[in-house]
Every structure is written in structure tokens, then in C-alpha cells.
Amino acid sequence: MRIGVFVCHCGSNIGGTVDCAEVARIAGTFPDVVYSTDPMYTCAEPGQAAIEEAIREHSLDGVVVASCSPRMHEPTFRRTVERAGLNPYMFEMANIREHVSWIGKDIPSNTRKAAELVEMAVEKLRKDTPLTPAEFPVTRRVLVIGGGVAGIQAALDCADGGIPVVMVEREATIGGKMAKLDKTFPTVDCSACILGPKMVDVAQHPNISLYAHAEIEDVQGYVGNFTVTIRKKTTYVDWSKCTGCGTCTEKCPARHSVDAFNEGIGETSAITIAFPQAIPKKAVINRDFCRQLTKGKCGVCAKVCPTGAIRYDMEDEIVTEKVGSIIAATGYDLMDWRVYSEYGAGRYPDIITSLQYERLMNASGPTGGHIVRPSDGREPKTVVFVQCVGSRDPSVGRPYCSGFCCMYTAKQAILTKDHIPDSHSYVFYMDIRAAGKMYDEFTRRAVEEYGTEYIRGRVSQIYPDGHGQLTVMGMDTLLGRPVVLKADLVVLAVGIEAARGAKELAEKLRISYDSAGFFLESHVKLRPVETNTAGVFLAGVCQGTKDIPASVAQGSAAASKVLTLFARETLKSNPQIAKTIPGRCVGCGKCARCCPYGAIRENVANGETTVEVIETMCQGCGLCTATCPQGAIQLAHATDNQILAEVNALCQA
Amino acid sequence: MRFAYYPGCSAHGSSLDYELSTEAVCEALGITLEEIPDWNCCGSTPAHAVGTSLSAALCARNLDIAAKKGISLLVTSCPSCLSNLRSASKRMKDPAFRAEVDDLLDAPTNRTFPLVTSVMQAIAEHISPDLIKDRVRVSLTGIRLVCYYGCLMSRPHDLMQFGDPENPMLMETLLSALGAEVLDFPLKTACCGASFGIPKRPLTARNSGRILELAHSLGADAVVVACPLCQMNLDLRQAQAQRATGERFRMPVPYFTQIMGLAFGLPHEALGLKKLSIPLDPVLAKIEENAPVRFGGEA
Numbered sequence: 009m010r011i012g013v014f015v016c017h018c019g020s021n022i023g024g025t026v027d028c029a030e031v032a033r034i035a036g037t038f039p040d041v042v043y044s045t046d047p048m049y050t051c052a053e054p055g056q057a058a059i060e061e062a063i064r065e066h067s068l069d070g071v072v073v074a075s076c077s078p079r080m081h082e083p084t085f086r087r088t089v090e091r092a093g094l095n096p097y098m099f100e101m102a103n104i105r106e107h108v109s110w111i112g113k114d115i116p117s118n119t120r121k122a123a124e125l126v127e128m129a130v131e132k133l134r135k136d137t138p139l140t141p142a143e144f145p146v147t148r149r150v151l152v153i154g155g156g157v158a159g160i161q162a163a164l165d166c167a168d169g170g171i172p173v174v175m176v177e178r179e180a181t182i183g184g185k186m187a188k189l190d191k192t193f194p195t196v197d198c199s200a201c202i203l204g205p206k207m208v209d210v211a212q213h214p215n216i217s218l219y220a221h222a223e224i225e226d227v228q229g230y231v232g233n234f235t236v237t238i239r240k241k242t243t244y245v246d247w248s249k250c251t252g253c254g255t256c257t258e259k260c261p262a263r264h265s266v267d268a269f270n271e272g273i274g275e276t277s278a279i280t281i282a283f284p285q286a287i288p289k290k291a292v293i294n295r296d297f298c299r300q301l302t303k304g305k306c307g308v309c310a311k312v313c314p315t316g317a318i319r320y321d322m323e324d325e326i327v328t329e330k331v332g333s334i335i336a337a338t339g340y341d342l343m344d345w346r347v348y349s350e351y352g353a354g355r356y357p358d359i360i361t362s363l364q365y366e367r368l369m370n371a372s373g374p375t376g377g378h379i380v381r382p383s384d385g386r387e388p389k390t391v392v393f394v395q396c397v398g399s400r401d402p403s404v405g406r407p408y409c410s411g412f413c414c415m416y417t418a419k420q421a422i423l424t425k426d427h428i429p430d431s432h433s434y435v436f437y438m439d440i441r442a443a444g445k446m447y448d449e450f451t452r453r454a455v456e457e458y459g460t461e462y463i464r465g466r467v468s469q470i471y472p473d474g475h476g477q478l479t480v481m482g483m484d485t486l487l488g489r490p491v492v493l494k495a496d497l498v499v500l501a502v503g504i505e506a507a508r509g510a511k512e513l514a515e516k517l518r519i520s521y522d523s524a525g526f527f528l529e530s531h532v533k534l535r536p537v538e539t540n541t542a543g544v545f546l547a548g549v550c551q552g553t554k555d556i557p558a559s560v561a562q563g564s565a566a567a568s569k570v571l572t573l574f575a576r577e578t579l580k581s582n583p584q585i586a587k588t589i590p591g592r593c594v595g596c597g598k599c600a601r602c603c604p605y606g607a608i609r610e611n612v613a614n615g616e617t618t619v620e621v622i623e624t625m626c627q628g629c630g631l632c633t634a635t636c637p638q639g640a641i642q643l644a645h646a647t648d649n650q651i652l653a654e655v656n657a658l659c660q661a
Numbered sequence: 101m102r103f104a105y106y107p108g109c110s111a112h113g114s115s116l117d118y119e120l121s122t123e124a125v126c127e128a129l130g131i132t133l134e135e136i137p138d139w140n141c142c143g144s145t146p147a148h149a150v151g152t153s154l155s156a157a158l159c160a161r162n163l164d165i166a167a168k169k170g171i172s173l174l175v176t177s178c179p180s181c182l183s184n185l186r187s188a189s190k191r192m193k194d195p196a197f198r199a200e201v202d203d204l205l206d207a208p209t210n211r212t213f214p215l216v217t218s219v220m221q222a223i224a225e226h227i228s229p230d231l232i233k234d235r236v237r238v239s240l241t242g243i244r245l246v247c248y249y250g251c252l253m254s255r256p257h258d259l260m261q262f263g264d265p266e267n268p269m270l271m272e273t274l275l276s277a278l279g280a281e282v283l284d285f286p287l288k289t290a291c292c293g294a295s296f297g298i299p300k301r302p303l304t305a306r307n308s309g310r311i312l313e314l315a316h317s318l319g320a321d322a323v324v325v326a327c328p329l330c331q332m333n334l335d336l337r338q339a340q341a342q343r344a345t346g347e348r349f350r351m352p353v354p355y356f357t358q359i360m361g362l363a364f365g366l367p368h369e370a371l372g373l374k375k376l377s378i379p380l381d382p383v384l385a386k387i388e389e390n391a392p393v394r395f396g397g398e399a
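Chains A and B, in that order, are what the protein sequence lines are.
Number 473 in my numbering belongs to position 465 of the first sequence; there are no gaps in the numbering.
Number 124 in my numbering belongs to position 24 of the second sequence; there are no gaps in the numbering.
Treat the hints with caution; some may be incorrect.
Stated by the list, open to error - Once the Cα atoms are required to be at most 25 Å apart in a straight line, the calculated SDA-like pairs of lysine to any residue come out as:
id, chain 1, residue 1, chain 2, residue 2
1, A, Lys494, B, Glu347
2, B, Lys169, B, Thr212
3, A, Lys445, A, Ser468
4, B, Lys300, A, Val491
5, A, Lys494, B, Ser317
6, A, Lys206, A, Thr624
7, B, Lys300, A, Met483
8, B, Lys300, A, Ser468
9, A, Lys241, A, Val196
10, B, Lys300, A, Ala310
11, A, Lys494, B, Arg348
12, A, Lys494, B, Gln342
13, B, Lys300, A, Ser403
14, A, Lys259, A, Ala310
15, A, Lys330, A, Leu487
16, A, Lys494, B, Lys168
17, A, Lys494, B, Gly319
18, A, Lys494, B, Asn267
19, A, Lys241, A, Asp324
20, A, Lys330, A, Lys580
21, A, Lys113, A, Cys198
22, A, Lys554, A, Cys198
23, A, Lys445, A, Gly254
24, A, Lys494, B, Leu283
25, B, Lys300, A, Lys445
26, A, Lys494, B, Arg343
27, B, Lys300, A, Thr485
28, A, Lys206, A, Gly254
29, B, Lys190, A, Asp426
30, A, Lys494, B, Ala344
31, B, Lys190, B, Leu283
32, A, Lys389, B, Ser317
33, A, Lys494, B, Glu266
34, A, Lys494, B, Gly346
35, B, Lys300, A, Gly254
Claimed, not checked - A short list of chain A residues far from chain B (calculated; beta carbon distances all over 10 Å):
id, residue
36, Asp267
37, Gly352
38, Met446
39, Glu654
By construction, these hints were calculated from the structure, which means they are not laboratory data.
Note that the Cβ used here is the ideal one computed from N, Cα and C, for glycine as well.
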């Protein structure tokens, strides 16, 4: 074998604390190494060209690059050697940056460690064999989970690109959180007016089939070939007959049902259509409040329905869909702010969340857009906004910034003045984070044009003063003194968290999530839309806090990833997968039981069990190879022999 | 049922009525409080203002006396004593700190110390609500009470283990069991000004005034307390507090044990009611209006 070794300086990133020339010299003494050098930037165009040239000039049949993490540039260099005619798997990488130069300053020790890592890579490469990916066909349909603005954008872009879309939305209507908002910053345009047409597009697009009031039950398969089981939760209304006329909601006698769409502000009927622009505009019965379903007598909606759509005996329905790619766009929920006992933990009706305030301001909300106090219906004259309730607060397990509260609080302060000109608003804040386009100007407007009084500091307690108002006690940290305000209404900018059920969905999709439940992207900076599961992409707040423009951008980005994926008729599988060695297998089946992907099939014939790896389902995690007592299942490109060669190189060095 | 009891200095001085009523109520519930011998002051605020090891030494001596008598649970009425005893117990787990304190005490202290808890928690944890209800002889129906814990009883949370530090509910549970109407009281854990009543009187007057004023505007008949110093600031200094806030009214500030004793039909002398600066008269008048209950739970 003829091996070439390239020890990268990475400018001073590696060269500053590793003697790269010495590492290259030592590498030249390793068996089979016929060429070694130390370029300044191996990943740059001249660096890659030098590799290609060396392969040709020295007839190399394997290459080692000692540089950064393989997570960074392994795909880059695999393509480089492939261009020069080598199999891309006849390439190894030694990480001498993250694992050496960035973590130690002692040049002789670093140089020695770098040389040892290179030796491991060389020994591994000597055992490597060429691998060839298999090709398989792609189901060119995409599943979009979540019908908020991010999911809507992703679905419309995919559908416009000619890709059939299956959209699954948990609630009875799409629109997500944006549909609940009154106006949007920084333009103060009506949220429903800009979102509504997009929602209608979803309903009317020939390429989009929508399952509202449905949830993902199960996901099987792999990129290009997912099988998704969807639970259509019972609505007790035959949607094929329902025309959305609303007669049932008017006549329903159970008027005291929790109004989830209005965030619990006001009450609604047991059969509802969430809001006038709902898509689909269909009725749903809330079984917790329906008299027919709880007490067995009523039946008013069935009597008044002009199309006979009511079905009290309806049950959940399971459907399956085949798709080639999945976009998760499940958004967020507000954290349960009742952990804040000092703010009354929900005991005081005039302390509300910002989302409830949106519903109070919204013309289609429970008060028709009149801002009134939930306790007595009076118009508030003094409104206090408290930011960062459940954001940037490690004491409640929420160390992160929710990202958009500074902006919507400024917007709500502006709108409050518009609604009630003789009102006065205060905002308690920690920092104003207004980094978007026209954002800082917007918050300045709240202060300068609308007279909103911003007080930098936290609020320590809010309580009813016994005279019909709320006492807000806080700190003005700029003046260094306590503040006590009397307020008619207090609006809490409650922090956000991953949508309820996000973790369970992540398990089904086999994607990772962070400690707050947000889905993990493949690379924080360079792969912000992809996940570590091929074919599963992210859009919107499910990946991390972001506002509407950013959610829409990521929705489009996820759609473009899907369109890129589907630009090919077939996909290449990763050849780094498990392979069985039938002669060694004793048929114990441990591998099949430990495989998290269901990629190992047990076949029983003539009383004998054999196992088989389903190539397209194996993700190459290696659990089975570590579990097999016989060494009868080996992971290509990480076989026992290859790993032992590395260990030997390290231990004997 | 017997509990080892650490009275603390106030119990033998300014809050004699707290001690009297505590003993009377415990006796009525079948609890005997056994005072530990030769106890000393916990050091209160002055000691820990000087240094943690001095404060801990004063507490450790008491804990050591109890531990060497084989006591595993020690109860006290005063939240300040409770806080100091618990802090000392916690700090003494650090060997270096323990050595420092042992040095101050001239003798090694016991390796383990008894768990210290408040009389209120001891009653709530060891006496069933049904038994408390059974013991009621006098109806408190229609009497509107607010519970005021003060700042120390529930804080710091991990040290005191007293439920929600901002909204403890233990006293509410006890008083509701007596039949009283207990109101939501948002300032139940606000500071009364504590020992600043001496060096910085306006501060204590303002803090206490705020608490009293809210209780008054909520329509409370009394502010029920569990801390000797809070009681003094709210009751004895009530006129000062009201000069700070403006509005004049007379708000009785009894200990929770005095209210329990009243409900149990115990004689007023046994509860030390005469020690209160603002008499409990409005509450007593309401009790008069209610027909006395002869047997547990039955009219």
C-alpha cells in the first residue's frame, strides 16, 4: 500500500502549538507511508489540489489528513481523493486541532500526541477496504409536522416545487401561535391578515393534503422511504359534511368550556370553530365539556346541524402515509409560569400572559378587541409589562433567552396606547434585545413616541392591594432603588419552551433534543436545518427560539433541503453499516433486540435462526457489533480489526 | 406524644404568651413539650452578624446537649431560632467548620445533631387534621384571618423545607381546620422590618405598615403570626407603623397557637391573651356570637 500523509497547519490554529513539519517527518517513517508533507491550509483549493497531485505523482492508494475534526471536513477530503480516482473510504482523518492544538500549549507534548494520532490513522487506513454505497429509490413526498407559520411556509414551498405534501397539525386549525397574535412587530400589521392567505393557500393547494386535529403515532423507515402512522383524533364531527356554518357553536348550551384558542380568556361552547379564519373551518367537540358525551343527554348540535355532520360515536382513526422526507415544525408552548409564586402563581385574574393579552387586543378575540381586565371588565389605565418571566432564569430551569419577548412587549405597549389613549404603560426589563432589522428603532418608538416607561430591573412581587389594583414591587437597577407601582393589569412576557410532546416526537423521529427540549440541528452554524437523522429537517421554533421572519426563513430553508434531496431519483446509502458474518453467527438474536432502528431481521428456517441487516435501515451506530458475543456482525469502516489496529498503534507507540 | 423543646429567649420574655399558648395547645392535642436542660440563646441576629462560627457555636451547644441526651427531633416555636439551629446543623457537616466550632466550645460536639423543626410543622405532621377538628369546642365560623409567616419561616427554601417559600400554606391548613375563614394574603412572607425596629425605625414602620394595611383592606379580623419579633413589630409598634402609612385602625396580631387555643375552648389566661397590645376583642366578639360547640364537630 502507498499512503500519503498531510499534516495541516490550519494557519496558526494547529501550527501555533504543534510542530507540523516534525509530525510530517515522523509520519514518513510509518509503514507504507511513501509521502508526507505539512501544508498551511489543506482544505483550501491549493491544499486539495496538492492532495490530488500527490495521489497521481506518488501513485498513492490511501490518504491521511491530520487537521480538524472529521465532523468539519471529512466529506470535503473524501470528495478530494475521489476526484483523484481513489475510493472515498480509502481516506482517514486525524483530529489534531480540537483534540490537540486547541487544548494544550506544550509544543513537544502536542507534537508527540499529534504524531501518535497520525500513526493510528495510518494503521487504520492500512486495514481499510474500498466501500461502495448502494442506490435506492426515493418516495418524493414530504411530511410536514406542525401547521404554524414555519410549517406552512415549508409546505407551500415544497408544494410549489411540485412535491406532494402531507401536513399534520395537532390542533383543529393550522396557523399556530401566529394565528393568535393581534399585530406583528416591527410593522404593526395584522397577523391574521398576512397569515390568513397563506393558510388558505395550504387548504387550496393541490399538492397539500392536510390532517388537522391529528398527531404522529409512529415513524418507521429511513431517508427516502419513511412510513408514517398518523392518528386522526376524533372530532365527533364528520368533516366531509361540516360546512363550518357555525350554527352548532351558537346553539350549544355548554357555554362554559375552556377556550383554548383564546388562552383561557373567556369561555366558549363545547363545540367550536377556533376562529373565523380557521383552516380547515370545521367544528370540533371538546369531549370534556359536551353534555351529550359527558352526561349522555343534549344532542342540540346534532339537531341543529343542517348537514347532519355530528357523530357522537366517532372514534380515532389511524392512517399511514409513505414519504421520503420529514420536516418537523412543531413550534413552542409557553412555560408554566405558575412556578412564580411571587407573581401569584395564577391566583390573581388581572395578571395575565402576553399571549392572553394578544387575544384581548385581537378583534376576533373574546372581547372583540377591547382591552379589559379579566376580573371586572374595566378598562385598565395603567398596564405593567414584566419581561423575562421564565427566560434567562436558571432558578426555574430556563437559562435561555426566549428571543422575541422584548419586541412583542414593545409592540403591546404601543398597541395599548393606541387602544386606550389615556393609559400609561411600564415595562420591566433586564436588557432590551432588539437585534433585528428595524427592531431597535421599533423599541425606541415605544419609548419616544408612545411614552412607554422602561424600568431596568426585575419584579420581586405582584399582589392585589385590596383596593382593586395590583401592587408591583420591583427594582430600578439603573437608579439603584426599589420601585413600587400600582397597576390595573399586569402582562407577563412568559418564556417559551419546546412544544409539549416535543421529546416524544423526537424519539419517534430518532432525532436529538437539547436540555430544554428543542430539537438539535446537525451543526449549530453550518447545518442549522438538518438533523443527524438523514431526511429529517427542522423549521421554526422547534429548533430554538426565533421570531416570525426567522421561522419563515427556516421553513423555506427546510423546503429547499427537501427539494435538493428529491432532485435525485435515487439516493446513495451510507456504506458504513453493519454486515453479518454468517459462519460466526449463533443466532442468539441479541443484535436484533438492541438495534434502535429495527434494521436487523431474524430469519428462522429449518429451526435455525439467522440474522440479516436491512441495508437501507441501518444507521451504522455500531450497537449490534458491540453486543454480538461472537464478533459475527461487523460495522464496515469500523471493524474490530480496524479498531484494534488503531489501539495497537496507540498502545505500542 | 413527647417532643424535646427549645424555647429560645423570647419565649421566656417578650413572647411569653406564645410559649403559654403553645404549651396549652400542645397539651390539648396530647403533646408534651420537654424543655432541654441548660439551653442558651441561639445567638439570634447579633451573633451571625458577628460571624458564622460564633453563631454556630451558640447553636451547636444546644444541639449537642440534645444529641447527647439521645434526642433525634427538637422543636422550637421561634423561626429565628429555627433558622439559626438549622444553619448551624448544616454548616457543621463541613469538617473544617466543625473543628473551628469545636475549638470555640472547648470540646468536640456530637457527630450527628437532632433534626430541628417548628412547633407548627410538628403539629401539622404528627397530628391528623381530624384530631384537630375533633378538638374544636368553639366555632370560629365567620372569623376572617390572614396568616403571616414572616420572611424567615420558609426561607431559604432548601434550609427551611417549609413548602413553597413564597406561598407557604401550613398555617392556613391548620386554621381552616378550626373553621376560620382564611384569606389569601400575598404579603405572608414579606419582611416586617425585623430587628431594624431599633436602629432604623422608619424602615420597620414602613414594612410592617404595608403588611397591616393590606390585611386591613382585605377585611381581616386579625393577622395571625408565628414569630415573636414579627408579632412585636406588628402589634406593639402598630401605632408607629400606621404613622408611616397613614391609615389608622386597630388590627389584632395573635399567635396561631392563641387562635388554636381559642377554638379548643381553652381559658384566655392559659393563652396569654392579655399580653397582646391590640386586644383580640373583635375576634372574641364574633366568637361570642357563634354558639359554642359542645362536642367535636357537632353543633
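Here is how each hint holds up against the structure:
Only pairs whose Cα atoms come within 25 Å are accepted, and A/Lys494 paired with B/Glu347 is accepted, the gap being roughly 18 Å. About 12 Å separates the Cα atoms of B/Lys169 and B/Thr212, which keeps this hinted pair within 25 Å; it holds. Between A/Lys445 and A/Ser468 the alpha-carbon distance is near 33 Å, which puts this suggested pair outside the 25 Å criterion. Proximity of B/Lys300 to A/Val491 is assessed by CA-CA distance (about 20 Å); at most 25 Å being required, the pair is judged to hold.
Restraint check: the Cα-Cα separation between A/Lys494 and B/Ser317 comes to about 15 Å, which is no more than 25 Å; the hinted pair holds. Taking the CA atoms of A/Lys206 and A/Thr624, the gap is about 36 Å. The hint is violated against a cut of 25 Å. Under the criterion of a C-alpha separation no larger than 25 Å, the hint pairing B/Lys300 with A/Met483 is consistent with the structure, at around 21 Å. Restraint check for B/Lys300 and A/Ser468: satisfied, since their Cα atoms lie roughly 23 Å apart, inside the 25 Å limit.
A C-alpha spacing of about 36 Å is found between A/Lys241 and A/Val196, which places the hinted pair above 25 Å, so the restraint is violated. The hinted pair formed by B/Lys300 and A/Ala310 fails the criterion: a straight-line CA distance of about 72 Å is larger than 25 Å. In summary, the hint linking A/Lys494 to B/Arg348 is supported, as the alpha carbons are separated by about 21 Å, within the 25 Å threshold. Simply put, A/Lys494 and B/Gln342 have alpha-carbon atoms about 20 Å apart, close enough for the 25 Å limit, and the pair holds.
Straight-line distance between C-alpha atoms of B/Lys300 and A/Ser403 comes to about 32 Å, which puts the hinted pair past the 25 Å bound. For a cut-off of 25 Å, the pair hint linking A/Lys259 to A/Ala310 stands: about 10 Å separates their Cα positions. A C-alpha spacing of about 62 Å is found between A/Lys330 and A/Leu487, which places the hinted pair above 25 Å, so the restraint is violated. Taken as a hint, the A/Lys494 and B/Lys168 pair is broken in the structure, with Cα atoms around 55 Å apart against an allowance of 25 Å.
Note on A/Lys494 and B/Gly319: the hinted pairing holds, with a Cα-Cα distance of about 20 Å set against a maximum of 25 Å. Distance restraint check for A/Lys494 and B/Asn267: the Cα-Cα separation of roughly 21 Å lies within the 25 Å cut-off, and the hinted pair is therefore satisfied. The straight-line distance between the Cα atoms of A/Lys241 and A/Asp324 is roughly 5 Å, inside the 25 Å bound, and the hint therefore holds. Taken as a hint, the A/Lys330 and A/Lys580 pair is honoured in the structure, with Cα atoms around 19 Å apart against an allowance of 25 Å.
Among the hinted pairs, A/Lys113 with A/Cys198 is inconsistent with the structure: their alpha-carbon atoms are about 57 Å apart, more than 25 Å. With a CA separation close to 19 Å, the supplied pair A/Lys554 and A/Cys198 stays within the 25 Å bound. Using a Cα cut-off of 25 Å, the hinted pair A/Lys445 and A/Gly254 is violated, with the two alpha carbons roughly 41 Å apart. Taking the CA atoms of A/Lys494 and B/Leu283, the gap is about 21 Å. The hint holds against a cut of 25 Å.
Of the supplied pair hints, the one linking B/Lys300 and A/Lys445 is violated, its CA atoms being roughly 51 Å apart against a limit of 25 Å. A distance of roughly 21 Å separates the Cα atoms of A/Lys494 and B/Arg343; the hinted pair therefore holds under the 25 Å criterion. Our distance criterion of 25 Å between C-alpha atoms is met by B/Lys300 and A/Thr485, whose separation comes to about 23 Å. Between A/Lys206 and A/Gly254 the CA atoms are separated by roughly 23 Å; this keeps the pair inside 25 Å, and the hint holds.
Taking the CA atoms of B/Lys190 and A/Asp426, the gap is near 56 Å; set against the 25 Å cutoff, the hint is violated. With a C-alpha separation of about 18 Å, the suggested pair A/Lys494 and B/Ala344 falls inside the 25 Å cut-off, and the hint holds. Between B/Lys190 and B/Leu283 the CA atoms are separated by roughly 35 Å; this puts the pair beyond 25 Å, and the hint is violated. Between A/Lys389 and B/Ser317, the direct Cα distance comes to roughly 22 Å. Compliance with the 25 Å bound is thereby established for this hinted pair.
For the suggested pair A/Lys494 and B/Glu266, the alpha carbons sit about 21 Å apart, so the restraint of at most 25 Å is met. Taking the CA atoms of A/Lys494 and B/Gly346, the gap is about 17 Å. The hint holds against a cut of 25 Å. Among the hinted pairs, B/Lys300 with A/Gly254 is inconsistent with the structure: their alpha-carbon atoms are about 66 Å apart, more than 25 Å. With a least beta-carbon separation of about 25 Å from chain B, A/Asp267 lies farther than 10 Å from that chain, consistent with its non-interface assignment.
Annotated as non-interface, A/Gly352 brings its C-beta within 10 Å of a C-beta of chain B; the closest such distance is 7 Å. The non-interface label for A/Met446 is consistent with chain B: the shortest C-beta to C-beta separation is roughly 39 Å, beyond 10 Å. The beta carbon of A/Glu654 sits about 46 Å from the closest Cβ of chain B, which is more than 10 Å, so the claim that it is off the interface holds.
Going through the hint list in order, the structure does not satisfy hints 3, 6, 9, 10, 13, 15, 16, 21, 23, 25, 29, 31, 35, 37.
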